[in-house]
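Participant: The listed protein sequences correspond, in order, to chains A and B. In our numbering, each residue carries its 1-based index in the first sequence increased by 19. In our numbering, each residue carries its 1-based index in the second sequence increased by 19.
Hints in this document: simulated from the structure, not taken from any laboratory. Careful: at least some of the hints might be erroneous.
It does not matter which identical chain is used: a pair holds within one copy or between any two.
Calculated cross-link-like contacts (lysine-lysine; reagent style DSS-like; alpha-carbon spacing at most 25 angstroms) [what the hints assert, rightly or not]:
{"#": "1", "residue 1": "129", "residue 2": "391"}
{"#": "2", "residue 1": "481", "residue 2": "210"}
{"#": "3", "residue 1": "210", "residue 2": "474"}
{"#": "4", "residue 1": "73", "residue 2": "58"}
{"#": "5", "residue 1": "267", "residue 2": "147"}
{"#": "6", "residue 1": "403", "residue 2": "45"}
{"#": "7", "residue 1": "316", "residue 2": "254"}
{"#": "8", "residue 1": "254", "residue 2": "129"}
{"#": "9", "residue 1": "115", "residue 2": "147"}
{"#": "10", "residue 1": "258", "residue 2": "374"}
{"#": "11", "residue 1": "129", "residue 2": "372"}
{"#": "12", "residue 1": "287", "residue 2": "374"}
{"#": "13", "residue 1": "372", "residue 2": "287"}
{"#": "14", "residue 1": "377", "residue 2": "129"}
{"#": "15", "residue 1": "41", "residue 2": "62"}
{"#": "16", "residue 1": "258", "residue 2": "147"}
{"#": "17", "residue 1": "391", "residue 2": "287"}
{"#": "18", "residue 1": "403", "residue 2": "41"}
{"#": "19", "residue 1": "481", "residue 2": "62"}
{"#": "20", "residue 1": "32", "residue 2": "267"}
{"#": "21", "residue 1": "509", "residue 2": "316"}
{"#": "22", "residue 1": "336", "residue 2": "287"}
2 protein chains.
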Amino acid sequence: LKNNIVDLFVNPKSVAVIGASKNPTKGGHRITNNLVSNKFKGKIYPINPNSEGKLFGLEFKKSVLEIEDEIDLAIFYVPNQIIPNILEECIKKGIKGALIEASGFEEVGKKGLELRDQILKITDNFSKIRILGPNCMGISRIDRDSDIESDTMGGFFTSFAVFDNYTRGNVAVISQSGMLNGGYFMHIMEKYPDLGFRYSCSVGNKMDLSEIEFLEYFIDDPTVNVIAIYLESFKDPRKFIELCKKAKSVLNKTIILVKGGVTTQGQKASLSHTGALAENSQLIDAIVKQSGVIKAKNFFELFQFARTFSIMYKTGKKMPKHGNVAMISGSGGAGTVSADLAIQYGLNFPVLKEKAYKILVGLFPEWMPPNKFALVDIWPTMEKAMMNNVSRGVVMNSIYEALLNEDHIEGILNMMFCSERFQNMRIFDDIVENIRIASKPVFFWLIGEAREILKASRLLEKYNILHFQSLEDMIKNFGILVQESKNKNKNKN
Amino acid sequence: LKNNIVDLFVNPKSVAVIGASKNPTKGGHRITNNLVSNKFKGKIYPINPNSEGKLFGLEFKKSVLEIEDEIDLAIFYVPNQIIPNILEECIKKGIKGALIEASGFEEVGKKGLELRDQILKITDNFSKIRILGPNCMGISRIDRDSDIESDTMGGFFTSFAVFDNYTRGNVAVISQSGMLNGGYFMHIMEKYPDLGFRYSCSVGNKMDLSEIEFLEYFIDDPTVNVIAIYLESFKDPRKFIELCKKAKSVLNKTIILVKGGVTTQGQKASLSHTGALAENSQLIDAIVKQSGVIKAKNFFELFQFARTFSIMYKTGKKMPKHGNVAMISGSGGAGTVSADLAIQYGLNFPVLKEKAYKILVGLFPEWMPPNKFALVDIWPTMEKAMMNNVSRGVVMNSIYEALLNEDHIEGILNMMFCSERFQNMRIFDDIVENIRIASKPVFFWLIGEAREILKASRLLEKYNILHFQSLEDMIKNFGILVQESKNKNKNKN
């Protein structure tokens, strides 16, 4: 990978933890713990002038200057005021990178700005040492799922939140909020068992390194398909746009962005959070538009979209290009609302070709013929199947087959009622394998009994089939696939 | 209650089930089952010319004409073609209402329209018998939670979906989609254990009775605070607007509406669902605007909003009027995004008065002073508390007290990280009682470990404290309270 400086931060050979401590309530303790327990394969040196003995079997040093080996990266978890002095020692030692998690810099006004100026001087504008942060939660690199027993390492975790439950996948996060490499990051991995990550990088105040270097690195990294970004400010809008445009011509690469600090109130909050300065909201709109990224409105959308693209890339399903989709629903009302929502998200239910329509006519009762367009209210077919003692799974499979065989239909949206009484798990067993091997994406909206929904979710996740909690989420997520196809195509011409 | 005809449908003294059957796959079987097992206190007569003996201990009759007692309501679950003949018998018997669940009328075109014309003639334009439906899923009236052991009845359930798990509450549903008195209705009651219902009425094709009669009834009914409506067409827009305006001056009454069939594609779907004819989308907008109802975009929003108002009315919390709200978050990034979302939903984080600010300054560490405005990133206070061995619950309570005592702050939004390690349940134990007795609403957004979220949810539900799955949902739902206050106020002047 080209960007050597990012490689130093996400893949160092040796690290010093400045502020390592035996006290488990201290961040420096938890950072060391994360490195050790997740089997970081490089060398780890706990640094604390006030500590004696060992931490997790590693001997404390008073200063980085006591270390004999070469050190790639120093991770700081000490109060802001003492950072400049220690940074001078790091430079003296020849350490190339400093990851500073402490806060109390640009975001707290005058005093913090003075500290920043001191650091600029000491580092000679970051030419002597590169800095990530301050005011961040560090980096996670996931090499292996946390629940896989193995001698090889789980990855590289420098957050001061404790990491012990994670899944490797094809998503990389770049964030100006620490929680995306802390509590919220863990929350997302619990919430979506089918969503795995490769990296999460909290960039904090972006005193030196910013979204730019990480974005460049992840665009080049073939293990990353989806780049999920949260920013409160753009460090270099022109370069950001250029990189996003470049990503459009890279196969299997999608960038999703949430921008915080769009309103005056949001900018006030952002200033007190990461010291980010207000950007004109028109400028923000222009950057988003020109970069052609997928825009998410909030963290929920950011990770939901990330999951959708992640699984699309992972399974190699064909991306829909035109928005022609079929809907299978168990309710006419849901069908009507879906039809409205589909329009809103750039999708449509096309008219069925003769062949598919004929198959459907055979499955529907005489008193209730099917629609001519690709919105199938299956309730009458299920009722007919029950009356005639025909397996509902077989009927469902025939409907899927008919719709998936239509060339102009690019995928299927499915409302599924999960109920023990209606034995939908049996229907699922009949259909999941066919859906898994289909080249077109099939999305599910699961409703019904909580326990049955959970069972169905786990089954679908096993087969890498996407499911959603709301009708609108399902439709919106199919819509962004079409949007991304159009973006990528635009870039080609 | 004034509307006698609706009373006949939701609260009949005796019913005949036309199409009752011993075969459990038939709708007529399940309807009878619903009536019996949920302890409908009136008389039930199963009608089927082809059945002998008894069903759930009730003797089959060949026809309603065989019944000696007076019958209030006939519930039809038989094929569309035979309905006109049986309807003539019902008129002869003096039955006042017919609830027709069968489909195959307006929504299937020519044949169905002929049937409708036959019914119009037989009933002399519904002067001889009133009709609910056809193509609907009937009515639910919930008198008592399903899990309360009691000799008194659970309620009155006429859906052909099986009802055995429900909660009584202050919400009434009027719906042009059967699933809101079927699978989706059950789904919602499982999804929100803190949301209870009083009625759900599926109006289907609205051949005779429509949303109008039910709306009027529920506005008058003091057991109903929230009316959640799904419509594909307006039967009488002028009357609808008039009733909604009337509701504005009724204490503790809120109407929420989802309109399906807004786009051309949606209208096509709606036509094939309930035979509803396309309305101009400008007309729809005008009706919604003039009626001053809370508009929901989809079913998910409809019931989420219903739950929010339901609990606000149930607990008697003070409705926010101006949108001045405080936010407690554990992450600066979430704070920034919240600030943006708040603006979008008409809320703002006001500047703190001296008294509250001073309290916060005491709780924050020196290196990280609090904001001057009502956006509190509590992480530094928690860290300080841990360092000094102070109970975090006590610190949280002080923050709540400071914010709730500010006259101009109308409520609190709270991001809560649920983690076994951080023992948030202990914090909850300290704060829930104070939140419960506060006159201002406090909303939670719960993130973290799935099991801990569930625990926290159950605890909050016990105390009738609202919690949400996403940041945007939490903010949006506070926003609609302000919107409703403004609507109600507008009507006063």
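Participant: List in ascending order the numbers of the hints, as given earlier, that are violated by the structure.
Facilitator: Hints 5, 10, 19, 20 and 22 not satisfied by this model.
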